[in-house]
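Visitor: In terms of my numbering, the first sequence has 411 at position 365, counting the first letter as 1, and numbering is strictly consecutive.
Calculated directly from the structure, the hints in this document are not laboratory data.
Some hints here could point you the wrong way.
[Stated by the list, open to error] Listed next, the in silico DSS-like pairs over lysine-lysine satisfying Cα-Cα at most 30 Å (straight line): (1) 450 / 424; (2) 156 / 69; (3) 452 / 240; (4) 452 / 156; (5) 570 / 424; (6) 410 / 492; (7) 348 / 272; (8) 50 / 348; (9) 387 / 397.
[Unchecked claim] Simulated restraints, written as ranges between beta carbons of each label pair: (10) 79 / 128: 53 to 63 Å; (11) 485 / 440: 17 to 27 Å; (12) 145 / 420: 42 to 52 Å; (13) 68 / 203: 20 to 30 Å; (14) 147 / 493: 52 to 62 Å.
Every residue, glycine too, gets a C-beta built ideally from N, C-alpha and C.
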Amino acid sequence: MTSKDLADLIFPNIDKTIEDYEKMYPERDLEEGAKVTRFAPSPTGFMHIGNFLSAVIDYVLAKNSKGVFYLRNEDTDKTREVENAVSSIMKILSTYDLYPDEYEFQEETKGNYGPYIQSERKEIYHAFIKHLIEIGRAYPCFCTRETLEEQRKNQEMDKERTGYYGDYAFCRSLTIEEQIEKIKAGVPYVIRFKSSGDFEKKFIFDDLVKGRIELPENDQDVPIMKSDNQLPTYHFAHLVDDHLMRTTHVVRGEEWLSSVPLHIDLFRSFGFRPPKYIHIPLIMKKDEETGNARKISKRKDKEASMSYYEEKGYPTYAVIEAIMTIANSNYEEWHQAHPEKDFTDFPFSPKKMSSSGAYFDLEKLDNISKNYISRLTKEEVYNGVLSWAKKYDADFCKHLEDEKEKSLAIFNIEREQKKPRKDYINWSSIKSQVSYFYEDYFYEDKEKTYQELEEVENVELLKEYASTYQDYPTENEWFEAMKQFAITHQFAPSPKMYQEDPTLYQGHVGMICEALRRVITGRKETPNLFQILAILGKDELQKRIQFYQDYINQ
RNA sequence: GGCCAGUUGGUGAAGUGGCUUAACACACUGCCCUUUCACGGCAGCAUUCACGGAUUCGAAUUCCGUACUGGUCACCA
């Protein structure tokens, strides 16, 4: 009996060889230096911001070098799989214009290196495992979970390193006859990789972010194929897929760093050249309770999920910029210097990436987003809010559509000028900032509209002002008229004059403006009053003053 | 616990032996502008780079130790 017999017994129907697959998936014909990257999520239906970071980096790396960015569905753990997970991932990627060059679900972009769904690659994995068994680098292991658990406890008690290695790798020393016998008897088994490392020896490799890393060589005989569904574990799928799909750069979270010696051992067992590794820092968050940094968690932190940014209505570009800033902190500077360039043109450098965990700063995001929205045209803002409202606020959406011209005018307040107003943080925040413009919201509930204001005096004066109000072509003319109105009612035309001798006046022009602002908007703080008046118009102005009077007289 | 990595202001960070009396951005504070808010302008915000020691004419930058934080040690990725 030889290892060949064992391999044939385990995989009787596998007849393709490694060479066959090498021919089927040849080296990619790309320009010198082109990078092939992949985004390889497991279909849990949840897009973590850390995953997104790696997707963005993958994308930039590929685009930057005229390479290929592909999507691979890592669905080897069928117990965690969620329905439609991949389509929701695709949706997020496309929201941010991160279209994979290759993936399974669309004919025109289906690449030549598929299938891109791991559960459909079983045969390929089996061929590779079969080869490993034949050359004596893999073996079936019949240990039950219970015995392994027990062994681990014993190791802990003896203060030994835990795991399946050395003398603890019990099934490693089974003879081929014994192995065949057990398989024929139907004993369940996993396939383990026969490691070649020595834990006492140092293994040195270069990570593109972290630089040179020294780790112990791998001496663990890790499972590479599961017993129940015969699918590979992550480690083995990584080897087979990234080799056959000709990935040049593997971008993943730093939680994988310590398994690199295993992965490289795996690559070497086939004589393959391992890809370059880019282990990116985890995205952290300050824990409220302990004050310590901790990995951002999908259960506790709403901002861990990419869906948060969509619900809040952050413009996609703002999110990209915030993410790119984590990737390389000089991104903002670069983008300011090259405003016409796309983020994919950014010369991302793994070396420049911080190697410690980064906080994703929501305040910074707000700032980026604010600046970004301030640079948009009124139409762009309108479309942004509208498409957000379509999904999340049907009522507001209706107002936007029914009163489109007015809405455009609102969004244009203090916009078409050198330094545009910056007060919209994201699409979801806009409604509350502009609601008073819309009659339905303004007149909905007197108490609510005026709840935050102390009483405004001089309502009669405002009424009189309203009767003289007309459409002024410029702000200057409006304010001149306002000053004139102030003077005829013994108000100073400027606060300075009033302050010089308050006894001469009833007040100053600003006080009238303030009163007016409060009465017609229900707020103390608003944008430019002239532009608000221009949008509302004389009739509405008078109506609102009357509304206020009814409110205080009731 | 073993192994690995990280530690620069409130935050993200630049910085790889002298040009650093530590860049930039966010946040914060004060003043100015101003009919409110926002914008904008000006000013302030780490005499110091977790701590201790060593190397050096010279260290945030090199080395050693300590502390703290994170990662990893699954038939999960």
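Visitor: Is it true that the CA of residue 450 sits at most 30 Å from the CA of residue 424?
Guide: holds (11 Å)
Visitor: When you check the alpha-carbon spacing of residue 452 and residue 240, does it fall within 30 Å?
Guide: violated (71 Å)
Visitor: Holds or violated: the 42 to 52 Å window for the beta-carbon distance between residue 145 and residue 420?
Guide: violated (28 Å)
Visitor: For residue 68 and residue 203, compare the CB-CB distance with the range 20 to 30 Å and indicate the outcome.
Guide: The hinted range 20 to 30 Å is violated for residue 68 and residue 203, with Cβ atoms some 47 Å apart.
Visitor: Is the straight-line distance between the alpha-carbon of residue 348 and that of residue 272 30 Å or less?
Guide: violated (34 Å)
Visitor: Hint says 17 to 27 Å; check whether the CB-CB distance for residue 485 and residue 440 agrees.
Guide: The hinted range 17 to 27 Å holds for residue 485 and residue 440, with Cβ atoms some 18 Å apart.
Visitor: CA of residue 50 to CA of residue 348, is that 30 Å or under?
Guide: violated (53 Å)
Visitor: Mind checking the alpha carbons of residue 452 and residue 156 for me, to see if they're no more than 30 Å apart?
Guide: violated (46 Å)
Visitor: Assess, step by step, whether the Cα of residue 387 is no farther than 30 Å from the Cα of residue 397, and give holds or violated.
Guide: holds (22 Å)
Visitor: So does residue 79 sit 53 to 63 Å from residue 128, Cβ to Cβ?
Guide: violated (38 Å)
Visitor: Take the C-beta atom of residue 147 and the C-beta atom of residue 493, compute their distance, and say whether it sits inside 52 to 62 Å.
Guide: holds (58 Å)
Visitor: Given the hint that residue 410 pairs with residue 492, does the C-alpha gap stay at or below 30 Å?
Guide: Outside the cut-off at roughly 37 Å; violated.
The structure fails to meet hints 3, 4, 6, 7, 8, 10, 12, 13 from the earlier list, while all remaining hints are met.
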